[in-house]
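K.L.:
One-letter residues, chain by chain:
Number of protein chains: 4
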Amino acid sequence: MKHVKAAVAGVTGYAGAELARLLLAHPYADPIFLGRMGSTETTSLTDLHPQLARNDGKPSPEVVPFDWELLRAQQVDFLFLATPHEQSREWAPVAIANGLRVIDLSGAWRLHDPANAAVYKLEDHDPSAAAKLQAETVYGSPELHRAEIKDARMVANPGCYATSVILALAPLVQANVIDLSRGIVVDAKSGVSGAGKAPTTKTHFMYAADNLSAYAVHGHRHTGELLEQLHLTSEDIRFTPHLLPIPRGILSSIYLRLREKSTPAAVDAILRDFYRNSPMVRVHAPGDLPQIQHILRTSYSDIGFDLAPNGRDLLVVSCLDNLLKGAASQAVQNMNVMCGFDEAEGLR
Amino acid sequence: MKHVKAAVAGVTGYAGAELARLLLAHPYADPIFLGRMGSTETTSLTDLHPQLARNDGKPSPEVVPFDWELLRAQQVDFLFLATPHEQSREWAPVAIANGLRVIDLSGAWRLHDPANAAVYKLEDHDPSAAAKLQAETVYGSPELHRAEIKDARMVANPGCYATSVILALAPLVQANVIDLSRGIVVDAKSGVSGAGKAPTTKTHFMYAADNLSAYAVHGHRHTGELLEQLHLTSEDIRFTPHLLPIPRGILSSIYLRLREKSTPAAVDAILRDFYRNSPMVRVHAPGDLPQIQHILRTSYSDIGFDLAPNGRDLLVVSCLDNLLKGAASQAVQNMNVMCGFDEAEGLR
Amino acid sequence: MKHVKAAVAGVTGYAGAELARLLLAHPYADPIFLGRMGSTETTSLTDLHPQLARNDGKPSPEVVPFDWELLRAQQVDFLFLATPHEQSREWAPVAIANGLRVIDLSGAWRLHDPANAAVYKLEDHDPSAAAKLQAETVYGSPELHRAEIKDARMVANPGCYATSVILALAPLVQANVIDLSRGIVVDAKSGVSGAGKAPTTKTHFMYAADNLSAYAVHGHRHTGELLEQLHLTSEDIRFTPHLLPIPRGILSSIYLRLREKSTPAAVDAILRDFYRNSPMVRVHAPGDLPQIQHILRTSYSDIGFDLAPNGRDLLVVSCLDNLLKGAASQAVQNMNVMCGFDEAEGLR
Amino acid sequence: MKHVKAAVAGVTGYAGAELARLLLAHPYADPIFLGRMGSTETTSLTDLHPQLARNDGKPSPEVVPFDWELLRAQQVDFLFLATPHEQSREWAPVAIANGLRVIDLSGAWRLHDPANAAVYKLEDHDPSAAAKLQAETVYGSPELHRAEIKDARMVANPGCYATSVILALAPLVQANVIDLSRGIVVDAKSGVSGAGKAPTTKTHFMYAADNLSAYAVHGHRHTGELLEQLHLTSEDIRFTPHLLPIPRGILSSIYLRLREKSTPAAVDAILRDFYRNSPMVRVHAPGDLPQIQHILRTSYSDIGFDLAPNGRDLLVVSCLDNLLKGAASQAVQNMNVMCGFDEAEGLR
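Protein chains in written order, with numbering that gives the first Met the number 0: chain R, 0 to 347; chain U, 0 to 347; chain L, 0 to 347; chain C, 0 to 347.
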């Protein structure tokens, strides 16, 4: 199998560390790690993330200053952007122009409807070029857009919450079984790593520990992804995130009513059919609801459901690790699809 | 103020420990603590709960064997039953027959509709006497039934989840503003103490820590309380509890749609009006959602809400400490009402 | 009992919040709360600390700008300084000059030996006046210095770690039973609130949770207090703090060898004799080691020990809540002693 | 490389699950999983441990009843015993007689001195055969006994605490630099998984969370391993374990005094020299103390130290994951050595 050269920009954060770990262990990837543009300092990956030290006698991978020349010289194929969205918005077009394929882990390129994208307050140097790149960008959910991702130059890796909700609902939306007049309620809960590495009032241990709080009640940035990918309106679905007192993991409890009375077996069939060829989604047996513990530090998304005795009220529970299937492993999964590797390569 | 003699049966559990603490600090209560009936062993309260040791030179309160004679001899006024529901079902009628006033913290006497009560699988020695006592039992939610509680002989202290939901919804149900055709979704989360002191697979640290799981998805025992107290049917409301990786605290996220477009000020007025004379409910300002940290180890229930831009989709968040307002402090609050004390006596 | 007017400067932090709570509930204290000097903004205590809201119809206590005039006008008796040590170093002499009695919760006035105090890098406007005030400052450990505290104008409230170690060792040092040639090892562990409210890399949930780390291995600021109060040298005792993944609580494991073979009863007698009249220290029975859970949110220090079969190797375990006996409740205890109140007033 | 057939008995516990995970991913191992002897029920590994489900279309590995015939028929080379020590004591001689090589993860075969082994209260059917097998059993610490392990038939996998202490101290004991007259203090802390999967009072979330407690103060079962492997007496070293409120990870803080004044570089040299060819031990730079977070879910043991300004007082901090280097990964490491594989095979 042909190896790919994969550069990672933004390796200091939690998702960046996981991405580095996965690419270093990937049998067909040769990763290089990029720090700040314009810096002259080369650092060591294991100084940033001591848990990655391998003690195998080889030097720690370097984190070298970001430099387009270097990427050309090294014949890099892929650029992973684990950068703030302003940075991703600026760099992605340059990378594409340089012949790279890009997987962007920020929110900068996920939204096609400018009304939804407005939450990111992006400013483009060349708005028409940006609009053109936006138009060709594929939303990097392999379970929904595998074919387009395969040939894409530019992939926008989904948000963590969005992934957990979209994977739970897409099969039911496609099967057209949801009674939208009743509305869909998504009560989502995430561990603290989702709030990023910057020390803030909300990421302080004394705030997050022994606590639970709802936040961003209207207008969480991931809402736009739900609406666009599921073809829903904000009248159809309500999405409320909560901050869990755990390091990582997302559990979304999704409440909806079916148009018509159904059975657990029929709901199960809809899910299994949809995910028949999706190695990173584990569909649970009816009534067996996923929990965070079983997806922690795995690349899987677990989906389960419970159908009420009335045959119509459905609870779907969706779990994933926000740093893996919600970020880094989904990015690698996209790379696998783009390269024609086994979709689960390096992810089990 | 006249002092009351208050006996507590079932002081080994978490709620029992809190009840003991509150009654020992209550200015008008003289508590005595009861262990197993038929036992001959007197133990010490602080052996059971070392954190209660006062180091004031006085001996620790005793836990004496349960004995109806003793209650008579000591001229006990009140009997708190923090006992398993089978025990409460058996002892409450005897206590009433002995002239005691009873506050039962179990689920045994909360439900009036036998269909709802069936979840407890209660067996009565004298079914007609039990039915009579059930009929006169008052559901011990002072905010809803203050007047009846005042004169009651028999009070059924509400469930912890039920309290958090009923207090959030009762004002809106009474004001008749909820669009029930859209349904109400209650996504509730509780700390592990709610699962009791017995070591089980689910209370093992390795199960509960760094985890989140939904459970009892249909048919949680507290559902019947919601339906009866809020005059709703199971088609109107869905209630799903989750196990949080924290010791105590409940947060319920409640989703509903208003019949007609409204304003934050109007919703706020409904809540404040309802709780005007309720010292143990703290209504938050519009948009300021309660969180578990602020009610931990307090006797308050905190209620807040967020009204969506469409003026109809309402999120109500309700928090309380499951061992206090969800159990022990609500029991003391009921005693205060029954005795004509200040309702918040000993609870701030 | 005569009431005292007690002003608290520095009410935004964790210890300040606990101090406010204790003084508001104290039967003989009328507290007022002070914010920044020179500010013109009055805020509300419950805006800072929502958990303190009493819902009793009365307005929340105000936090008014710090102003010496105001303290005079209000005839304040006591000034609690829960301020950074530079601030405490500057304000304490002014307060004393204004006739106030001061209890300082910072480290600024705890150390008499300038070599030890150097860790705080204090700069005095008037060094000789500062030295004079330092000389009269009493170390606010009521169990060691009750008589001096009673008459003191200026009390330096001890550090949290220092309190846990000093209370464990003082009886044994006084009884002269420790074999110092073997050395004393103090392995101390504290919850995250000890690191303060400022968001930093180390107080980030992702750093502190599911982790344990040693820090400040040589030269923790509290070391000087141990040496001065216990009359030891740095060759005699080693003190290493660790950061626990819990919000609050300190447990110190203290290892030493006795000069001569002894018995549990004899060690027990030394501890009980020393603490006979100390209401805030709970001495455990031999072999019954304290744990953090039993002192959480109490004002007690718990001390227990285990004597090895060889009759000489002694483990002393000392627990306290770093925000209470390690800060706020010890400050109130000092106030109680200074005013002739019951030493435990408002602390049980 | 020749593949090995490796049977695992006792796959229901935490260490068993990790062992299964490692062997399934090991490039040269074909694992089979064994349940109860005499049972007739075959179950699925992923029913026991849902987090191991691979979703790769292949059936989950089976857990078949333990049966010596089956092991013979399948030509099993290795038997891992992750069983209670009574079981291991009984089965190991049978396995050896059947020509298998055995790695026992229990405590049954670790101790050579019967006085130390007495804590396990083992009863042997054939005491002289057991003594003979005990005599040939190699203590499975590859860093200390690599050569003997290579040829061993019977390896006793070390205890988790013992590994953390022995790896920290062995280089210093061998270099003969410790002043034993001062004594060695080991203050060890472990996550809750070390207490096993059975629900008990101490593994209840409400006991372990937000708590810290010392236990087994004298006579923890792992003490004998320290003494035997480090050639120390109980007068030389004191070992106290504590229960941390985290799922997994051990940190041991080890205090000792050097015979003679030394330098950080000299201590560093002793450690690095000892571990030059040990891939699973990561020696930290002087002053850089390991923490639990960096070894969690890795197979490494991290060792760091801090030398006091006096050049003699040394703190060594040793961290490992109790389920990996403290159990399952050390077992696989032993298998690697015994088979002539790369020692780190399947462990990075």
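Do not take every clue at face value.
Which copy is meant is left open, because identical chains are indistinguishable; a pair holds if it fits in one copy or across any two.
[To be verified] Each computed EDC-like pair below joins lysine to aspartate or glutamate, with the alpha-carbon atoms no more than 20 Å apart:
id, residue 1, residue 2
1, K57, E342
2, K201, D287
3, K260, E234
4, K149, E135
5, K1, D29
6, K131, D341
7, K57, E344
8, K4, D112
9, K1, D305
10, K4, E342
11, K196, D29
12, K201, D235
13, K1, D76
14, K131, D66
15, K4, E344
Since the hints were made in silico from the structure, they are not lab data.
None of the values given here were measured: they were computed from a predicted structure.
K.L.:
Indicate, hint by hint, whether the structure satisfies it.
P.N.:
For each hint, the structure was consulted:
For the identical chains of this complex, K57 and E342 are inter-copy neighbours only, at 16 Å across copies versus 29 Å inside a copy, given an alpha-carbon limit of 20 Å. Taking CA atoms no more than 20 Å apart as the test, K201 paired with D287 passes between copies only; the shortest distance there is 15 Å, against 33 Å inside one copy. Taking identical chains as interchangeable, the C-alpha atoms of K260 and E234 lie at most 20 Å apart only when they sit on different chains, with a minimum of 13 Å there against 23 Å within one chain. In this homomeric assembly, K149 and E135 come within 20 Å of each other (Cα to Cα) only inside a single copy, at 13 Å, whereas the closest approach across copies is 59 Å.
Only within a single protomer do K1 and D29 lie at most 20 Å apart by alpha-carbon distance; the minimum there is 11 Å, versus 29 Å between protomers. Within a single copy, K131 and D341 get their C-alpha atoms no closer than 30 Å, and across copies no closer than 52 Å, so neither meets the 20 Å cut-off. Taking the closest pair of Cα atoms, K57 and E344 come within 20 Å of each other only across two copies (16 Å); inside a single copy the shortest separation is 24 Å, beyond that limit. In the homo-oligomer, the alpha carbons of K4 and D112 never lie at most 20 Å apart, since the shortest distance is 33 Å inside one protomer and 57 Å across protomers.
With identical chains, the CA atoms of K1 and D305 are never at most 20 Å apart, being 44 Å at best within one copy and 47 Å at best between copies. In the homo-oligomer, the alpha carbons of K4 and E342 lie at most 20 Å apart inside one protomer (18 Å), although the nearest pairing across protomers, at 29 Å, exceeds that limit. In this homomeric assembly, K196 and D29 never come within 20 Å of each other (Cα to Cα): the closest approach is 26 Å inside a single copy and 41 Å across copies. In this homomeric assembly, K201 and D235 never come within 20 Å of each other (Cα to Cα): the closest approach is 30 Å inside a single copy and 35 Å across copies.
Taking identical chains as interchangeable, the C-alpha atoms of K1 and D76 lie at most 20 Å apart only when both belong to the same chain, with a minimum of 12 Å there against 37 Å between chains. When the C-alpha separation of K131 and D66 is checked against a cutoff of 20 Å, the pair qualifies neither within a copy, at 25 Å, nor between copies, at 62 Å. Taking CA atoms no more than 20 Å apart as the test, K4 paired with E344 passes inside one copy only; the shortest distance there is 16 Å, against 25 Å between copies.
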